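K.L.:
Residue strings, one per chain:
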Amino acid sequence: MIRLLKIELQKVRPSRSFKVLASMYFIALTLICVGVMPFFQYLKSRLTDFDVDGIDPTIIPFYEFPDIWQNITSVAIWFKLLLGFSLIYSITNEFSYRTIRQNVIDGLSKKEFIMSKIIMAGFLSVASAAFLLVLGLITGLIYSTEVSLGLILEDIYFIPAFALQLFTFLVFTLFVGSLIKKSIISMGILIFWTLVVENVIWGRMRYLGQDWIEYVLPVKAINQLVHIPFPKYALQEVQDFITIPELAAVLFYLGLFYWATTRLISRRDL
Amino acid sequence: MDTVLSIKNLSKHYGRIKAIDNLSLEVKKGNVYGILGPNGSGKTTTLGTILSVINQTSGDFEWFGKPATQNTRKRIGAILEHPIFYPYLTGVQNLKIVCDIKEVSYDRVEEVLKLVDLDERKESKFKTYSLGMKQRLSIASAMLCDPEVLILDEPTNGLDPQGIAEIRDLIMDIANSGKTIIIASHLLDEVQKVCTHFCVLQRGVLIHDGLVEDVGKGDVIVEVRADADNLLEILEQSEMASHVKRELDKYTLTMKSGFASKEINEYLFKQGIVAKHLIVKVKTLEKQFLEILAEQKGGGK
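Keeping their order, the protein sequence lines are chains A and B.
Take 1 as the starting number for the first sequence in the working numbering and just add one per residue.
Take 271 as the starting number for the second sequence in the working numbering and just add one per residue.
These are calculated hints, taken from the structure and not from any lab test.
None of the values given here were measured: they were computed from a predicted structure.
Just so you know, not all the hints are guaranteed correct.
Unchecked claim - Computed Cβ-Cβ distance ranges for the label pairs, DEER-style:
1. A:Leu9 to B:Ser281: 39 to 49 angstroms
2. A:Ser266 to B:Gly310: 22 to 32 angstroms
3. B:Asp387 to A:Ile184: 49 to 59 angstroms
4. B:Asp330 to A:Ile184: 34 to 44 angstroms
5. A:Ile244 to B:Gly310: 25 to 35 angstroms
6. A:Asp49 to B:Thr398: 54 to 64 angstroms
7. A:Pro245 to B:Glu296: 50 to 60 angstroms
8. B:His352 to A:Lys181: 11 to 21 angstroms
9. B:His352 to A:Ser17: 38 to 48 angstroms
10. B:Asp416 to A:Val34: 45 to 55 angstroms
11. B:Ser281 to A:Arg268: 47 to 57 angstroms
12. B:Ser375 to A:Lys19: 25 to 35 angstroms
Claimed, not checked - With a Cα cut of at most 27 angstroms, we get these calculated DSSO-like pairs of lysine-lysine:
13. B:Lys366 to A:Lys19
14. B:Lys344 to A:Lys110
15. B:Lys336 to B:Lys404
16. A:Lys6 to B:Lys392
Yeah, the Cβ is synthetic: ideal placement off N, Cα and C, and Gly gets one too.
I would like the entire structure built from these sequences, with the hints used as guidance.
P.N.:
In structure tokens form, the structure reads like this:
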């Protein structure tokens, strides 16, 4: 496993496109997590300009332990596409340069090749989750009104849940990349599927009252693991925990896309 | 001798097209084995299949007497078609990836780069290399694991004459060190110079399999040129040749057994003719190859 990760890192580390995409992602993570409070302060100043009294966005406890974990993970997951692009780029390059063929000739089995990409996906997910954990701890300690170990740890499981979401999504992008083999087309399809196809189907089915649709659409199912907590600040009821069926759906898609990618590549002539 | 590679009844079909059709052959340890064939005869498909990048339709192959796994491929150095590397990585970075795949130490990288004389440009990106340099880098990469078997597909394709000579010397050196080499090529001259064994493929079917040293055997061919108007007549009257053919200003004689250049020279001299050009021609692989293909066309289908 270390060997496969090492091979993968050697491949992507000097690649400029990969570096640009990955750093864009980490910068976006930082901005979104650190930037909420300045944004609230900006809102507050604007609202005072308009002379609206009694509304102070800065009192929204976005960074309060333990709520912070669900808040930042549900925001951070929106940027998964950026990380997905860097992985699509890495897999489609292997097809367009035909290096996957040379890798197999040199002594990597097709399974090992897929594993090396999946390990890379796992590595990126864990790295993002760890990064988010550190960001959360820092901003939480700055802005939380009440700090104790118990409060910090209370809902911290949202961080590993975030890693799982990201990992499953990245395995999905690997599948798309292996299926399409062309980087730009794969990225286009990924955007189109995630932002248009799923949303249209989801919106229509929800309108018809068919809530089960969330489980059938893979990206929605992944997103659904962590519910968006913000309506609670408008005093609506929100699911602030992870349910077993939703977790099972994510694990199911993880298994499905792994299986489909393996089958696709092992049956294909390189 | 140990069998390095044995292929049994291998077939690969793309729909109705048979890229390889029921191919069986064996390569022994120490052989330098040439796979010949016109373009599209299935050479690269065969090599791709025995390297597990192409899934066969039916049949089997064994490396070192065992079914192939990724670990057997680690003992093989192979290049198929053009050199394939990551264009945005340098020569050294590319070779290090191969080291990790083959599980050999990075120390070998410097050694093989010296071997193919690519030391100076090792820190340049692969995409900046000339075709000859790319070709040499891929030979370096194939040599990384100190392979027991080297597989080369058109190794001198696109090289200049000097590059071809260098690669040929390199192949000779490797062959002399006792390694098994399998070369696919349509350059017959190349195969004749370096190979011990050869086989001929046509449309995926094995149509010949033999030793390169046997190629020259058989009929003696003598080429004659002299200043005589009735040379053709005189040569035919000698009854030493089974066949006389005119090629521009010279005559090619396919000799009957028992006769060679000495006899024909004596005969001409007695007739008052002095030959100004008299050469015994060894049959080339090229001739043999064309004959084999022609036989196949005439007799076969």
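K.L.:
Against each hint, give a clear statement of whether it holds in the structure.
P.N.:
Against the structure, the hints come out as follows:
For Leu9 (chain A) and Ser281 (chain B), the Cβ-Cβ distance of about 40 angstroms falls inside the hinted range of 39 to 49 angstroms, so the restraint holds. Range check, Ser266 (chain A) to Gly310 (chain B): about 27 angstroms between beta-carbon atoms, so the 22 to 32 angstroms window is met. Judged by the Cβ atoms, the range 49 to 59 angstroms given for Asp387 (chain B) and Ile184 (chain A) is violated: they are separated by roughly 39 angstroms. Taking 34 to 44 angstroms as the suggested C-beta distance range, the pair Asp330 (chain B) and Ile184 (chain A) conforms, at roughly 41 angstroms.
Checked against the given bound of 25 to 35 angstroms, the beta carbons of Ile244 (chain A) and Gly310 (chain B), roughly 58 angstroms apart, lie outside it. Here the CB-CB span from Asp49 (chain A) to Thr398 (chain B) is close to 58 angstroms, well matched to the stated 54 to 64 angstroms. The hint said 50 to 60 angstroms for the Cβ distance between Pro245 (chain A) and Glu296 (chain B), and at roughly 59 angstroms that hint holds. For the pair His352 (chain B) and Lys181 (chain A), the beta carbons lie near 19 angstroms from each other, so the given range of 11 to 21 angstroms is met.
At roughly 23 angstroms, the beta-carbon separation of His352 (chain B) and Ser17 (chain A) lies outside the given 38 to 48 angstroms, and the hint is violated. Taking the beta carbon of each, Asp416 (chain B) and Val34 (chain A) are about 53 angstroms apart, inside 45 to 55 angstroms as hinted. One distance hint, 47 to 57 angstroms for the beta-carbon pair Ser281 (chain B) and Arg268 (chain A), is violated here, with the actual separation near 18 angstroms. One distance hint, 25 to 35 angstroms for the beta-carbon pair Ser375 (chain B) and Lys19 (chain A), holds here, with the actual separation near 28 angstroms.
Proximity of Lys366 (chain B) to Lys19 (chain A) is assessed by CA-CA distance (about 20 angstroms); at most 27 angstroms being required, the pair is judged to hold. The suggested pairing of Lys344 (chain B) with Lys110 (chain A) holds, with an alpha-carbon distance near 14 angstroms, which does not exceed 27 angstroms. For the hint linking Lys336 (chain B) to Lys404 (chain B), the alpha-carbon distance of about 33 angstroms lies beyond 27 angstroms, and the restraint is violated. Taken as a hint, the Lys6 (chain A) and Lys392 (chain B) pair is honoured in the structure, with Cα atoms around 21 angstroms apart against an allowance of 27 angstroms.
Going through the hint list in order, the structure does not satisfy hints 3, 5, 9, 11, 15.
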